[in-house]
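There are 2 protein chains.
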Amino acid sequence: MAQQTEEHRRGRLNRQRVLQAAVSLADEVGIDELSMRRLGQELGVVAMALYKHVANKEELLDGMVEEIISEIDPAVIDPAAGGEDWKNAVRLRVLSARAVLQRHRWARQVLESRTNQTPAVLGYMDSFIAMFLAGGFSVDLTHHVMHAMGSRIWGFTQELFDDSAGPGGGTGGEMSPEAQAAVFEEMAARYPNILQVATAASHDEGSVVGRGCDDQFEFEFALDLLLDGFERLHRQGWTSRQAKKAQAKGS
Amino acid sequence: MAQQTEEHRRGRLNRQRVLQAAVSLADEVGIDELSMRRLGQELGVVAMALYKHVANKEELLDGMVEEIISEIDPAVIDPAAGGEDWKNAVRLRVLSARAVLQRHRWARQVLESRTNQTPAVLGYMDSFIAMFLAGGFSVDLTHHVMHAMGSRIWGFTQELFDDSAGPGGGTGGEMSPEAQAAVFEEMAARYPNILQVATAASHDEGSVVGRGCDDQFEFEFALDLLLDGFERLHRQGWTSRQAKKAQAKGS
DNA sequence: ACCTGAACACCGTTCAAGT
DNA sequence: ACCTGAACACCGTTCAAGT
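Residue numbers (this note's numbering), protein chains in the order written: chain A, 1 to 251; chain B, 1001 to 1251.
Any given hint might turn out to be false.
Stated by the list, open to error - Cβ-Cβ distance ranges computed for the label pairs, FRET-style: (1) A:Leu95 x B:Gly1136: 28 to 34 Å; (2) A:Ser176 x B:Arg1114: 26 to 32 Å; (3) B:Arg1241 x A:Asp27: 35 to 41 Å; (4) B:Asp1224 x A:Thr118: 28 to 34 Å; (5) B:Arg1105 x A:Gln216: 31 to 37 Å; (6) A:Arg38 x B:Asn1088: 47 to 53 Å; (7) B:Phe1184 x A:Asn88: 30 to 36 Å; (8) A:Arg241 x B:Phe1184: 23 to 29 Å; (9) B:Asp1215 x A:Leu95: 23 to 29 Å; (10) B:Glu1178 x A:Gln216: 47 to 53 Å; (11) B:Glu1178 x A:Gly237: 38 to 44 Å; (12) B:Arg1114 x A:Glu33: 16 to 22 Å; (13) B:Gln1102 x A:Arg38: 35 to 41 Å.
Calculated from the structure, these hints are not laboratory results. By construction, the Cβ of each residue, glycine as well, lies at the ideal position given by its N, Cα and C atoms.
Please model the entire structure based on the sequences and the hints provided.
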């Protein structure tokens, strides 16, 4: 309350203003704090007024997704690319999406929770499929390739856990050195393999737990592995029918 | 209410009973319907009584995850395997996890939303890492490979959208043939590439929209693509340092 | 030691009423 | 046409009180 900036009273509400306000509110305070009541307050209006511009909260979230999708497209995409250069086109598009999603941290969770069939989402997917087809991929292969991409078309992957904490617990930063050493002992005994990997990953070799993986590197690592795999299958003229026959004969 | 089966009054509550009840309640009614109040009711107890056995809802969800992880391990895993056969060991483990997660549909969403550092999760990851190390993978490669696996170690992938509906909207099943034809026209005009892929995917060739992809096939397709990629990098003696140098020189 | 009741501070959403 | 107030049916969680 008393937080009304000049943004309000800017005449009447409309769907566009509601969505934009929702996006920037979520940017600021996170998706868990985005309630209809709070959004209304931010717009200098009572929550129930929003229902004139948006059917319900689901539709609000869908609308927010559409807003951020519109930030992806105009980016690095060169429509003349495609063709032979499908791999680079896909790569750039994905990394552009990733950059957008990183500006809107809530978007990942919303995309995950949503069974999105809105026009913006369909349009994005359609143009994505187009890149593979333009690269000469069969419709069959393109289908499976899109499934394999999964949420990676949005530039994110389901991380195993939130990086912001070391593998020993959520609060490594607040522990005394003695406590940290104890955690280290405990980890070494119970999870020796995690510890090995985690310590190897820490670039400053003095630190006890490997905090902070390079998310961007890890994302591109997996992305390139997949893209290379797609390329290989494409060159081999892979089809799912072939694969099924081979499977039936083999195992 | 009045739903109390004989399951209750079975003496006093304890953490174990609370968690098991939570798992089976979520199995039955879904995670959105799982509230502390409803869980209490199911146990013949008032919601607040649960807080003696579980610190809060977060801890309840963590406990539920631990419950289902315990269903994964005893499965197909042959500890004598490992070694050369890392690929098959990983594959079987992942598919076993997938089978469990398919019995507990809510688990996927909970795992996604959670930054899980519970002992059960760490133990599962540790044994997972062990398979790659036993297969002769370097610690470095193993680290990146684990990131690339991501949520796939649990046997699921972020699907682009919920399959249960055709790509035209959520309610294809209830539409008249005329309406379906109209949707088809609309799709053909606006999302020609999606339509192409979707119709090719439908195995019964008569149907208008390709409903129902073979999730298991798609999952294994992407999994095998990654595993093959891992194998290739492993044989090449790949390290991230090399990759970085190559990148610095190249682009 | 374990459970309960009342209460607090929230949700999304409806509906009749105001301007 | 757009916004409001009161209300409904929920949440998770606290705390003092009961047995």
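These are the hints, each one checked on the structure:
1. A:Leu95 x B:Gly1136: 28 to 34 Å: holds (32 Å)
2. A:Ser176 x B:Arg1114: 26 to 32 Å: holds (27 Å)
3. B:Arg1241 x A:Asp27: 35 to 41 Å: holds (37 Å)
4. B:Asp1224 x A:Thr118: 28 to 34 Å: holds (32 Å)
5. B:Arg1105 x A:Gln216: 31 to 37 Å: Between Arg1105 of chain B and Gln216 of chain A, where Cβ atoms are some 32 Å apart, the hint holds.
6. A:Arg38 x B:Asn1088: 47 to 53 Å: holds (52 Å)
7. B:Phe1184 x A:Asn88: 30 to 36 Å: holds (34 Å)
8. A:Arg241 x B:Phe1184: 23 to 29 Å: holds (25 Å)
9. B:Asp1215 x A:Leu95: 23 to 29 Å: The hinted range 23 to 29 Å holds for Asp1215 of chain B and Leu95 of chain A, with Cβ atoms some 28 Å apart.
10. B:Glu1178 x A:Gln216: 47 to 53 Å: Given range 47 to 53 Å: holds, Cβ gap about 50 Å.
11. B:Glu1178 x A:Gly237: 38 to 44 Å: With a Cβ separation near 40 Å, Glu1178 of chain B and Gly237 of chain A satisfy 38 to 44 Å, so the hint holds.
12. B:Arg1114 x A:Glu33: 16 to 22 Å: Given a distance of about 19 Å, which is inside 16 to 22 Å, the answer is holds.
13. B:Gln1102 x A:Arg38: 35 to 41 Å: About 37 Å separates the Cβ atoms of Gln1102 of chain B and Arg38 of chain A, which means 35 to 41 Å holds.
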